[in-house]
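K.L.:
Please put together the full structure from these sequences, using the hints given.
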Amino acid sequence: MYSFPFRLSLLLPLALLAACSWQPVVREQAAPVPVTPETVESHDFGLNTENSVVGRLATVPVQEGDTLLDIARHYGLGHSHIAEANPGIDVWLPQPDARAVLPLQFILPDAPRKGVVINLATMRLFRYTKSGELRTYPVGIGREGRSTPTGAMAIDRKAEHPTWHVPESIRKDHQAKGDPLPAVVSPGPDNPLGDYAFYLNKPNYLIHGTNKPYSIGFRASNGCLRLYPEDIEKLYGDVAVKTPIRIVNQPYLIGWLDGEPYLEAHEPFEEADAKRLVKELNAKLKQIEKKQGIKLDWPKIDATLTQARGLPTPIRIGSQNLEQTLAGALALQRPARLVGQPQPVADKTPAWYVKIEETENARDAERLAAMLNHQGPRIPAKAVVDGPRQHVLAGPYDDAKSANEAIKRLRVDLEMKGKIVAPDTTLKLGDTR
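Using our numbering, the final residue of the sequence shown is 445, and nothing's skipped along the way.
Keep in mind the hints are simulated off the structure, nothing from the lab.
Note that the Cβ used here is the ideal one computed from N, Cα and C, for glycine as well.
Some clues are possibly wrong.
Listed next, the in silico EDC-like pairs over lysine to aspartate or glutamate satisfying Cα-Cα at most 20 Å (straight line) [to be verified]:
#1 Lys-189 x Asp-207
#2 Lys-302 x Glu-292
#3 Lys-170 x Asp-250
#4 Lys-303 x Glu-292
#5 Lys-431 x Asp-359
Each pair of labels, with its calculated beta carbon distance range [what the hints assert, rightly or not]:
#6 Arg-390 x Lys-298: 27 to 37 Å
#7 Asp-314 x Val-351: 45 to 55 Å
#8 Glu-283 x Val-351: 56 to 66 Å
#9 Lys-291 x Arg-401: 47 to 57 Å
#10 Gly-352 x Pro-194: 39 to 49 Å
#11 Glu-417 x Lys-298: 15 to 25 Å
#12 Thr-51 x Asn-333: 21 to 31 Å
#13 Ala-286 x Ala-348: 39 to 49 Å
#14 Lys-420 x Asp-398: 54 to 64 Å
#15 Asp-398 x Asp-250: 30 to 40 Å
P.N.:
Printed below as a string of structure tokens:
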């Protein structure tokens, strides 16, 4: 039988929070101590024809109990963005004294600045207004095997509090897992479309909200594009029917800022031809050298592609290296409250719980609890100390029926087993993590 840490690494990718790998903390050079600002622009930017790089990098301190996903959501980022930019920080259990890099500088996609442009590779939507401004939001996209299509489209219609007409392919998937879905799901907390939806003129593809907000920045959907609830609400009021939509897949982006060339690199999707993409990029960069009469730093270009941190990097010879760029990032204070951050659930007496795991490794238990608390809808969970053992409990639930529903969801969504802890069961709940 697999050990708990190994099984955890296998099972959690099966949820909509798939691919949430972690690495031991490797602390980078300390950033400047923040002075006053708590905010930095993350959504709205001015544009001009000379520059194709917008925004700026920032850093923010991590507090006890934070995950990088909490920080990402607050600053208009998704999982992929915060994880790429912070390869040495555990996404689920960052060290409280760490400073997270906020990759809030972007190179615009190579596409007309009109309507809505979505870059699948960067998991980001760009809304170009007629007044020459940019609004940008992170997105979740189609998983491998059900990828979001690229190309030119348009908004056919839009709906508030949409009804979900479940595609037959999705119904078959759920039926195979023992979780049959109805043909129609009414508006409400169980509707995966959230509160707002745009229907594209390509049949069966939508841009919509979600009841799984922490799936933003993942390849987790059946092909649709999903936004945070707070972002889709803004987009819904801003974008009209017939607005053109262009979806591209550009992991390597070349941009210009005040006459300087920049490169932004993301890991290409597994099904992409990475060698071809690098070859095409190198050809473009050589053309820049020839036409502009400048020399590029090819070792830095190679390092940028290898690291794929999603950070726009100047690539002219003599330009700043990555460490210098990060040292110049805007140092923020952590706000008192992060948007959407799950808050601890108070214990009840009497109450029902579901025991999900038991381990001697406290960090494994805390990590699993954090993952469950960020599922959608949330599975309230905590790591409980009981002597030398760590228990991961979901709950509290008011009755056995609710606890059994949680067990079913754990099985269907995560392929995990749960065991009911009845109110009269002896288990210390006081010392939690």
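K.L.:
Are any of the numbered hints broken by this structure? If so, which, sorted upward?
P.N.:
1, 6, 7, 8, 10, 11, 14 and 15
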